[in-house]
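There are 2 protein chains.
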Amino acid sequence: MAKELTSREENYSQWYNDLVIKADLAENSAVRGCMVIKPYGYAIWEKIQAELDRMFKETGHVNAYFPLFIPKSFLSKEAEHVDGFAKECAVVTHHRLMASPDGKGLVVDPEAKLEEELIVRPTSETIIWNTYKGWIQSYRDLPILCNQWANVVRWEMRTRLFLRTTEFLWQEGHTAHATEADALEETKKMLEVYADFAERFMAIPVIKGIKSANERFAGALETFCIEALMQDGKALQAGTSHFLGQNFAKAFDVTFMDKSNKLDYVWASSWGVSTRLIGALIMSHSDDNGLVLPPNLAPFQVVIVPIYKNEEQLAAISEKVNEITAKLRSMGISVKFDNNDNKKPGWKFAEYELKGVPVRLVMGARDLENGTLEVARRDTMTKETVSLQNIERYISGLLKEIQINIFQKALDYRASVTREVNSYDEFKVEIEKGGFLLCHWDGTPETEERVKEETKATIRCIPLNGDTTPGTCMVTGKPSVQRVIFARAY
Amino acid sequence: MAKELTSREENYSQWYNDLVIKADLAENSAVRGCMVIKPYGYAIWEKIQAELDRMFKETGHVNAYFPLFIPKSFLSKEAEHVDGFAKECAVVTHHRLMASPDGKGLVVDPEAKLEEELIVRPTSETIIWNTYKGWIQSYRDLPILCNQWANVVRWEMRTRLFLRTTEFLWQEGHTAHATEADALEETKKMLEVYADFAERFMAIPVIKGIKSANERFAGALETFCIEALMQDGKALQAGTSHFLGQNFAKAFDVTFMDKSNKLDYVWASSWGVSTRLIGALIMSHSDDNGLVLPPNLAPFQVVIVPIYKNEEQLAAISEKVNEITAKLRSMGISVKFDNNDNKKPGWKFAEYELKGVPVRLVMGARDLENGTLEVARRDTMTKETVSLQNIERYISGLLKEIQINIFQKALDYRASVTREVNSYDEFKVEIEKGGFLLCHWDGTPETEERVKEETKATIRCIPLNGDTTPGTCMVTGKPSVQRVIFARAY
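In order, the protein sequence lines correspond to chains A and B. For the first sequence, the working numbering gives the first residue as 5, with consecutive numbering after it. For the second sequence, the working numbering gives the first residue as 5, with consecutive numbering after it.
Next up, chain A with everything else stripped away, as it sits in the complex (with noise of 0.2 angstroms):
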């Protein structure tokens, strides 16, 4: 195989560089850290637009879109939130270029220099906060449910293709109420949307949880999260919410007036996933022959590639396909055939296990005579033959169990390496192996500074869902109130 990749086994790392490339997912650009998502990749984007997009709306969210811009003054607004951000920004400071007076290419026309200068988004709460101050005056203005999809740019200096991007494509949803209870119960609601997706749809299991005050947004006064685990051993915060409070109202001066005629701030939650989920994906489930894409994500998630001595086997074996392919679509199954005539069946394989389609039917010569098909699984890697008869209830079966079997192995997986731990020594050597470690800390933000100085572990998150057992801080020995969840991360 001529794109043979890096073993996992090998360089984990360099496998999963191999593969965004091989499997035409995406590269780099020209552009310092900013990457092209290519077809493929971008296919994937959209089927998970299109899922979180249909939920959203269900939960009766609706879509809106604010500038790419904001004015600098806004940023210095939200005290943490400056301090999150503005070392990482794309600063536009000019409007025009001009000939350079050497005659060679293009300067900037210092006469076109901005009064302020406009930072590009690196999420929008400042501009969409400012914009709220018109549209709320009462409570039965509230609550605004938005959300928007675009792109963000956060100067990043170490990047890597979809998991730390200078520009990512996301969804930031804002949201605006008038009781604290009511933004509460936002946040966590779209905390569970996003659990859901992640599990039903992407097959990653999930960690539901609080980030400790360290890892919290830079503006809200909670932020919750769904943690996920690599194959490697290693964490990825595959999506946020966040509970802001009253904190940017007060910073753009949003007030409305309440049923009791009182004047209050009004309150607020954000949310957001990424591009970075594509990142998420492929190191959740794929292996050494290439990607393992869960069926309900795939772009297609059947191929079908025909096997043919000459033009009248092809023609033969064509129509019967075509055939399958009407059954199959009307089952809402997306296929591809694939007669291209320019490379080999094996050829074929190779590319489409790479590519990580959940279903490969194969049919030759002697299929056609018999009535069968030949259907290859990428999960197990297993082949077997199969009937025609009701082959489209067949695939369709074999779609969910293939999602489900996906699902179930990542499970175990990260079953297998979650364990609790006691000691700081202990933990030491622990945490070199990888995967998730329940232990005890006292709740203060120098433990968990010093436990990630010394160790390259983080809190990933305080579990909602965990044993609340109390216990001692296996470094400082002073109380704790529950396990939380350290790993070393993305």
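Keep in mind that the hints were calculated from the coordinates and are not lab data. Hints may contain errors.
If several chains are the same, the list does not tell them apart, and a pair holds so long as it fits within one copy or across any two.
Derived DSBU-like pairs: lysine-lysine, alpha-carbon spacing no greater than 35 angstroms straight-line [what the hints assert, rightly or not]: (1) Lys238 / Lys193; (2) Lys137 / Lys108; (3) Lys91 / Lys437; (4) Lys238 / Lys482; (5) Lys81 / Lys91; (6) Lys254 / Lys456; (7) Lys193 / Lys352; (8) Lys26 / Lys81; (9) Lys266 / Lys348; (10) Lys266 / Lys347; (11) Lys266 / Lys254; (12) Lys61 / Lys331; (13) Lys347 / Lys313.
We have chain A; now place chain B onto it with these hints.
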């Protein structure tokens, strides 16, 4: 009515601005020239996107995503392209902010100056052709048929919501081909897609044509366009499809080995439509009562308003309405039931007229008794009482009728203000009345420039299906091969 609009006759421009704001489509943001697209406006854009995306995919295109930023040096590589865009670029010069030394707010960190400035994309030919260089070696790699949905920035001095904004949303198709004929065929094919979309979905009749050299896209050999006519007699360019020849392939050195093993430059097309279409949609059909939306693009096609005296009546009506709603939805019709108790029916009627909902159904106690509904059409503002028997088929037919009626009205209007003009004196009188003027022109940029300076009219296009009888230029008396369309334009 609280939300009264300026009438079109009184001040067409003000009517447009009022309507965009009052129908909750969009508003100006804190960032000069950038708009906030509000949920109702964005819902129209989502409808536009969904249909166009389907049409692109049916014609063999795939989506991808390319970086927001373009290195400054890329712009200079295609000589005409740089002339067209350098003067209206948002330029990123730094990647970090820092606390101001005087303690007041943030300043750009001088240490974080970029080696090479980045331009926020005004269009993506340069970054995409730089990428295609890595994708194309042989004729087997062609064609490439990519589209991207994205935001772009052009630093416009005078902006108007939807029609001309500094940032706007659009799609841009960028295709690569082995032959001139293939690239030209693609260019024309996408023009047909745009025309078909404009007429069947937006209900806007368009003239397909070619731009004169003055109006051509910067870097194209030929620009094809669809031109629409607004109710005030001004033209609006609704979409363009560019034949780029080998210009960008040469600028970025993109060559391929053809079937005969010869190296040649790749041929290109690019094509785009933007949120400007929403401006065209508004100005084509709407009236002094508000928006008139074609059913094929309305966020909801039917609104149902109950009229009731008490809770009991509302409950009985709601039960019936739920049945009707289910039937309508089964026909693919989108419905909103507005049982909001805070607003009176009269307020709701005005509100949905303002928002251009194609059909309003009203059910009161009498209707419930009689098994009827009041059906009001937004396009004609007529009302009738209709039996509930087969109501879903009636409404489905009515929506189709409205779609056709809106298109026909726009077509009739255009016909009424399109006329042949044979002398420049006559032209100067007629251009004041608006509309499309079919005139002979000598084919020179100088003559077009003179007409523009003296009358503010431009050549909208050389129609593809126009009368090709030759004549003499209305300005210079020189020979003309066919009549072209002059108009004042947005």
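Hints and how they fare:
no.	hint	in the structure
1	Lys238 / Lys193	within (27 angstroms within a copy, 49 angstroms between copies)
2	Lys137 / Lys108	between (47 angstroms within a copy, 24 angstroms between copies)
3	Lys91 / Lys437	within (33 angstroms within a copy, 56 angstroms between copies)
4	Lys238 / Lys482	within (27 angstroms within a copy, 76 angstroms between copies)
5	Lys81 / Lys91	both (16 angstroms within a copy, 32 angstroms between copies)
6	Lys254 / Lys456	within (33 angstroms within a copy, 52 angstroms between copies)
7	Lys193 / Lys352	between (43 angstroms within a copy, 31 angstroms between copies)
8	Lys26 / Lys81	between (45 angstroms within a copy, 30 angstroms between copies)
9	Lys266 / Lys348	between (74 angstroms within a copy, 26 angstroms between copies)
10	Lys266 / Lys347	between (72 angstroms within a copy, 23 angstroms between copies)
11	Lys266 / Lys254	within (16 angstroms within a copy, 67 angstroms between copies)
12	Lys61 / Lys331	both (31 angstroms within a copy, 21 angstroms between copies)
13	Lys347 / Lys313	within (13 angstroms within a copy, 73 angstroms between copies)
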